[in-house]
Structures are given as C-alpha cells and as structure tokens.
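Participant: What follows is the residue order along each chain.
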Amino acid sequence: MKKIILSLAVMLMAFMASAQISNPVTWSYGVKKINPKEVVVMFKAVMDKDWHIYSTNQQAGGPQKTTFAFATSKDYQLLGKVVEPKPIAEYSDVYKFDLLYFKNAVVFQQKVKLVKKTVLKATVTYMVCTDKECKQATEVSFNVPVG
Amino acid sequence: MRTKNFIGLLLLLFPYYHSFAQTGQIKKQFVLNGTVKSADSVLLYYTDASGKYIHLAKPILGHRIFLKGFINEPVNARVLFKNKGEIISERKFWERMTEIYLEPGQMTLSGSASDLKSLKITGSKSQKELEDLNAHIAPIRKEMQPVLEALDKEKDHEKAAEIRDQLEPYNDRIKKITYDFFIGHPNSYVTMDMMRFYLSRMKLDSAKRVYNSFNAQMKKKAAARELSKEINKIELGMPGNMAAGFSKTDINDKPLSLSDFKGKYVIVDFWASWCVPCRKGNPHLIRLYNTYNSKGLEIIGVSDDDNNHSAWKKAVEQDKIGIWHHVLRGLNMDLRMKNLPNPEDISEKYGISSLPTKILIDPAGKIIGRYGDNNGGSDQDLDKKLKELLK
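Going down the list, the sequences are from chains U and B.
Here the first sequence stands for residues 1 to 147, where the numbers follow the numbering used here.
Here the second sequence stands for residues 1 to 391, where the numbers follow the numbering used here.
If you're looking for bench data, these hints aren't it; they were derived computationally from the structure.
Certain hints may be false.
As the list claims (entries may be wrong) - Pairs of lysine to any residue residues, derived as SDA-like cross-links and limited to a Cα-Cα distance of at most 25 Å, are as follows:
| id | chain 1 | residue 1 | chain 2 | residue 2 |
| --- | --- | --- | --- | --- |
| 1 | U | K132 | B | E95 |
| 2 | U | K121 | B | N307 |
| 3 | B | K68 | B | N33 |
| 4 | U | K117 | B | T35 |
| 5 | U | K132 | B | Y289 |
| 6 | B | K313 | U | Y91 |
| 7 | B | K233 | B | K254 |
| 8 | B | K280 | U | K121 |
| 9 | U | K32 | B | A39 |
| 10 | U | K44 | B | D48 |
| 11 | B | K117 | B | Q145 |
| 12 | B | K366 | B | K387 |
| 13 | U | K44 | B | I321 |
| 14 | U | K33 | U | L79 |
| 15 | U | K113 | B | G85 |
| 16 | U | K132 | B | W324 |
| 17 | U | K33 | U | V46 |
| 18 | B | K27 | B | K117 |
| 19 | U | K65 | U | K121 |
| 20 | U | K44 | B | L148 |
| 21 | U | K116 | B | H55 |
| 22 | U | K96 | B | N72 |
| 23 | U | K132 | B | K117 |
| 24 | U | K32 | B | E86 |
| 25 | U | K111 | B | L148 |
| 26 | B | K125 | B | D205 |
| 27 | B | K117 | B | T35 |
| 28 | B | K220 | B | M194 |
| 29 | B | K159 | U | A105 |
| 30 | U | K132 | B | E154 |
| 31 | B | K128 | B | S112 |
| 32 | B | K128 | B | E95 |
| 33 | U | K113 | U | Y91 |
| 34 | U | K49 | B | W324 |
| 35 | B | K295 | B | I323 |
| 36 | U | K49 | B | T122 |
| 37 | B | K221 | B | T35 |
Stated by the list, open to error - Derived, one-sided and incomplete: chain B residues facing chain U with beta-carbon distance under 7 Å:
| id | residue |
| --- | --- |
| 38 | K68 |
| 39 | F70 |
| 40 | S354 |
Quick reminder that beta carbons are idealized off the backbone N, C-alpha and C, glycines included.
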C-alpha cells in the first residue's frame with residue numbers, strides 16, 4: 001500500500017498546447033498529486049523574449065487580465081482560486097493604475113479535490129504584449145487527466 | 001452500398017490517404033524499445049492516430065523499455081524517466097522532459113536516464129533531423145549560457161532588460177540556423193511543426209519560401225494547410241493589393257464604408273482600448289492627423305473592443321481621438337476559436353494579428369504601406385511616406 005502511495009506521489013504530464021500559429025506564448029500543463037484526494041493542476045506559460053502576459057488580478061479598465069474558466073463537474077471540486085507568483089508591477093500613465101504582468105515564464109496553480117479519476121476541462125483567456133505591440137486576446141483549452 | 005464500395009476503392013487507389021484522414025481510421029504501429037539505465041519507469045506523451053492525447057507509463061524491468069502505440073505519421077513526443085518514489089520538483093520537471101519524434105515502425109531508445117544527453121534514438125528519420133538541428137544550435141546555447149544565468153539572478157527590472165538585449169545576437173544566430181534548416185529540409189515533419197511557432201517571427205517572404213518548398217504530399221497535411229491559410233491572410237493586407245472593403249456603423253451610429261473615402265489617402269489604424277502601446281502611440285497619430293488632414297488624409301480607427309463598447313468610447317474620449325472616424329473590428333470569439341471565417345471581421349481581411357498595425361491606402365483604394373507589425377515598417381517610415389505623398 002505504501003508503495004502505491006509513493007509511486008502516486010507525483011504524477012506529472014505536459015504537452016505543447018494545440019497549434020498556436022503566430023503566438024509568442026506556449027502553454028503546457030502538469031498535475032501534482034498532494035494526497036490521494038487532492039491534486040494541484042499547473043498551467044505554465046512560456047513567453048518569447050520581450051513578451052508578457054497579464055496577472056489574473058489585473059484591475060479592469062486596462063489590459064485584459066489572464067482568466068481561467070473550469071468546467072463544472074461532479075467528479076471534482078475546485079479548492080480556492082487560481083494561485084500565481086508575484087507579478088511585475090508598473091505604474092501606467094495611460095490608465096492611472098498599476099499594470100501587473102509576467103515575463104519569461106509563469107506557472108498558475110489550481111488546487112482540486114477529486115471525487116474520482118476524471119478529465120478536468122479548463123480554458124485560459126489571455127492577451128500578450130511587448131512594449132511595442134499586443135496580440136489580440138485568445139483562448140487555449142486544456143483537457144487535463146487527473147487522478 | 002455503392003458509396004461504400006467507392007470509398008473502399010478510393011482508399012486502395014490512394015495509399016497515402018491516411019496522411020490527411022482526420023478521423024484516423026488508418027493507424028500505423030510504432031514500437032520503441034531498448035536499454036535504459038538509472039530509471040524505474042518511463043513516461044511517454046504523444047498524440048495518437050485518432051488525435052487523442054496519450055500519456056503512457058511503463059515500468060523499466062532489467063533496464064529494458066518497451067513502448068508501443070498507434071500513430072499515422074511522424075509525431076512530436078516527450079519522454080520522461082523517473083525512479084520509484086522520486087518527487088520531481090515543478091522547476092526540474094520541464095527540464096527533465098526530452099523532445100523526441102516517434103515514427104511508425106521499429107525504433108530503439110538507449111542510454112542512461114541520469115544523463116539525458118546520452119540517450120540514443122534510432123529508427124526515426126525525423127528524430128535524426130531534429131538532432132542535426134539541435135547539434136548546430138548547441139554551441140550557441142553554450143555561448144549564451146553565462147548571459148542566461150546572469151539574467152536569472154538579476155532581480156532589478158531595468159537591468160534585466162539590458163541583459164536581455166545581450167541575448168539578441170545569439171537569438172538571431174539561432175534563428176538563422178533554424179531558417180537554413182527549414183530551407184534545407186523542406187519535407188521534414190520537424191520543419192512543419194516548427195513553422196507554426198516561427199511564422200510570427202518570420203518575414204512573409206521567408207515564410208512563403210519555406211511553404212513553397214513543401215512537396216504536394218506535405219502541402220496536404222493539416223499543419224501545412226493552416227500555414228498556407230495564415231500566409232494568405234497576411235498577404236491580403238500587404239502593399240500592392242487592393243484594400244478589402246468594409247461597411248460598419250461607426251461610433252456615432254452613422255454608416256461608414258471604406259469606399260466613401262475614395263480619392264483620399266486613408267490610414268486604417270488597428271488598435272484597442274486595452275493595448276498599452278496603441279494608447280501610447282495616439283499622440284503621434286494626432287500630430288499626423290493635424291498636419292495632413294487638410295491635405296487629404298483621413299484616419300479610420302478599427303478597434304478590438306467588440307466585447308466592451310464603453311471601454312472603447314472611454315478610450316476615444318480620453319485620448320482625444322474622436323477627431324477621426326471609429327468603428328469596431330467585428331470580432332466573434334466563437335468563430336475565431338473554431339477557426340471559421342468571419343466576413344464581418346475587418347482584422348481578418350487585412351491579416352492583422354498584432355496591434356497597433358496601420359494600413360495606408362491611396363486615393364485609388366490600393367494598399368501602399370503597412371506599419372507596426374512583423375511585416376510592416378516603423379512609425380518613422382510612415383512619417384517619411386506621408387511627407388513624400390502629402391507636401
């Protein structure tokens with residue numbers, strides 16, 4: 001029994017998110033099992049040089065924040081909100097408030113309580129900019145096997 | 001019944017039908033075996049013949065690995081080795097994955113999991129190509145390593161930006177090698193996969209050169225068709241073509257058509273309220289408008305704010321750009337995400353994928369300039385052009 005738990009301690013997976021033509025962000029996901037009932041689903045964005053994506057807590061009225069939407073299911077419950085590392089904060093003269101963003105790479109995490117082994121469906125909507133240009137907001141969908 | 005036989009016949013006549021079958025009825029087996037030391041289990045991630053994402057986990061007994069599955073053409077995959085009870089930290093996890101190309105047939109994978117560089121893969125032509133490319137890039141990566149490490153340690157935002165600039169020459173060299181690889185390996189799956197990520201960083205001419213070098217077989221693949229579609233879209237908005245017409249209701253609820261502006265020079269400015277660099281550029285655009293409007297220049301702002309009209313109106317007011325015309329692009333996110341065409345979307349007609357982008361149209365309705373994105377000139381180029389045209 002102990003052996004089984006140990007081998008399940010970490011089960012990770014990743015992939016290149018579906019074809020993203022002309023997009024400077026590559027998304028991948030991973031799943032970390034913290035105990036037999038709970039997992040942390042991780043979404044990693046790797047950005048090309050000079051590009052940044054905005055925080056999930058970016059104030060409305062300026063650049064669109066990164067948002068995660070999860071399909072509701074009887075098979076799991078979300079525990080809390082999406083957690084992100086501390087973003088870079090920069091005051092904007094245009095909007096008169098702080099812009100919060102990430103450069104290079106960032107991992108967003110969502111804790112999930114599992115009822116049974118299933119597939120978690122998630123969609124991330126995000127926009128990506130450099131100092132000189134922005135890409136129109138886009139969505140990437142994930143089907144994450146959990147459990 | 002007759003139809004069924006006909007399809008059967010078609011399948012016999014076209015042995016390569018599988019290459020563009022989306023449903024994946026035709027499967028080919030791959031087998032990956034070999035001897036791998038220093039690991040208890042192997043994990044393999046790939047997309048199978050039916051388009052399903054597969055993660056395969058197998059124990060390694062007596063150093064022997066044995067993996068098999070179904071694919072219908074060479075596919076990009078990831079392999080990861082681990083030991084029983086081992087906890088791979090999130091940071092290390094991404095480094096521990098090895099990119100490989102699976103191909104139908106028999107392949108071998110051997111080496112030591114404790115040194116990923118020792119892994120040898122045989123039986124996959126695409127893998128060989130990927131390794132050739134990586135071998136050319138490796139010395140540059142080694143050269144840039146100290147700079148990357150310095151960047152990793154630097155906490156100061158400004159200083160980090162300076163260090164990042166030092167990476168530019170290395171990245172340019174990698175880009176050049178990769179482009180040469182694309183040209184030298186036109187019918188490689190590696191080229192086709194990588195083009196998806198490189199298109200946005202390449203000039204249109206280079207992208208076209210790579211696409212045109214694909215043979216008929218490769219051009220039928222879904223990835224190549226998508227590439228061709230993207231290239232065509234960008235081409236529509238390039239100088240030399242007639243500007244695509246559009247009719248919208250403007251910000252003041254009045255009808256507006258591009259054709260109303262025949263006889264004048266027009267800048268179609270693609271922007272959005274949420275686009276920081278666009279907003280920063282508005283004072284410059286106001287100066288151009290004030291200088292040249294009386295000499296025959298009009299501006300039509302096309303905003304990507306379809307889902308937030310009040311943000312659009314607020315930005316126009318705040319930036320004092322209500323002096324020129326404003327319409328929305330006509331974005332429909334559902335259609336866009338399903339990759340379906342949307343004839344109402346002005347951005348699609350001009351192949352716009354990045355903001356701000358400005359299209360300059362002459363009095364006859366022909367595109368004579370493109371500024372801002374990867375395929376366009378700079379703001380200075382626009383200034384120079386207007387100075388020549390409208391003295």
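Participant: Given the proposed pairing of K121(U) with N307(B), does the C-alpha separation stay at or below 25 Å?
Facilitator: holds (24 Å)
Participant: Between K113(U) and Y91(U), is the straight-line Cα distance small enough, at 25 Å or below?
Facilitator: violated (38 Å)
Participant: Quick one, are K33(U) and L79(U) close enough, alpha carbons at most 25 Å?
Facilitator: Holds, at about 14 Å.
Participant: For the pair supplied as a hint, K96(U) and N72(B), is the alpha-carbon distance within the 25 Å limit?
Facilitator: violated (54 Å)
Participant: Starting from K233(B), check that the Cα of K254(B) is at most 25 Å away, please.
Facilitator: Since the Cα atoms of K233(B) and K254(B) sit roughly 29 Å apart, the hinted pair is violated (cutoff 25 Å).
Participant: Under the criterion that the straight-line Cα-Cα distance not exceed 25 Å, is the pair K113(U), G85(B) satisfied?
Facilitator: The hint holds at about 22 Å.
Participant: Would you check the hint for K132(U) and E154(B), treating anything up to 25 Å between C-alpha atoms as holding?
Facilitator: The hint holds at about 23 Å.
Participant: Regarding the pair K128(B) and S112(B), is the alpha-carbon distance no greater than 25 Å?
Facilitator: holds (19 Å)
Participant: Does F70(B) meet its interface restraint, that is, does its C-beta lie within less than 7 Å of any C-beta in chain U?
Facilitator: Since chain U brings no Cβ nearer than about 18 Å to F70(B), farther than 7 Å, the hint is violated.
Participant: Has the given pair, K132(U) with W324(B), been kept, meaning a C-alpha gap of at most 25 Å?
Facilitator: With Cα atoms ~23 Å apart, K132(U) and W324(B) stay inside 25 Å; holds.
Participant: Quickly compare the C-alpha distance for K44(U) and L148(B) to 25 Å and report which way the hint goes.
Facilitator: This hinted pair holds, its Cα atoms lying about 20 Å apart.
Participant: So if I understand the rule, the pair passes when the alpha-carbon distance is 25 Å or less; does K220(B) with M194(B) pass?
Facilitator: Status holds; Cα separation ~17 Å.
Going through the hint list in order, the structure does not satisfy hints 1, 4, 7, 8, 13, 18, 22, 23, 25, 26, 33, 34, 36, 37, 38 and 39.
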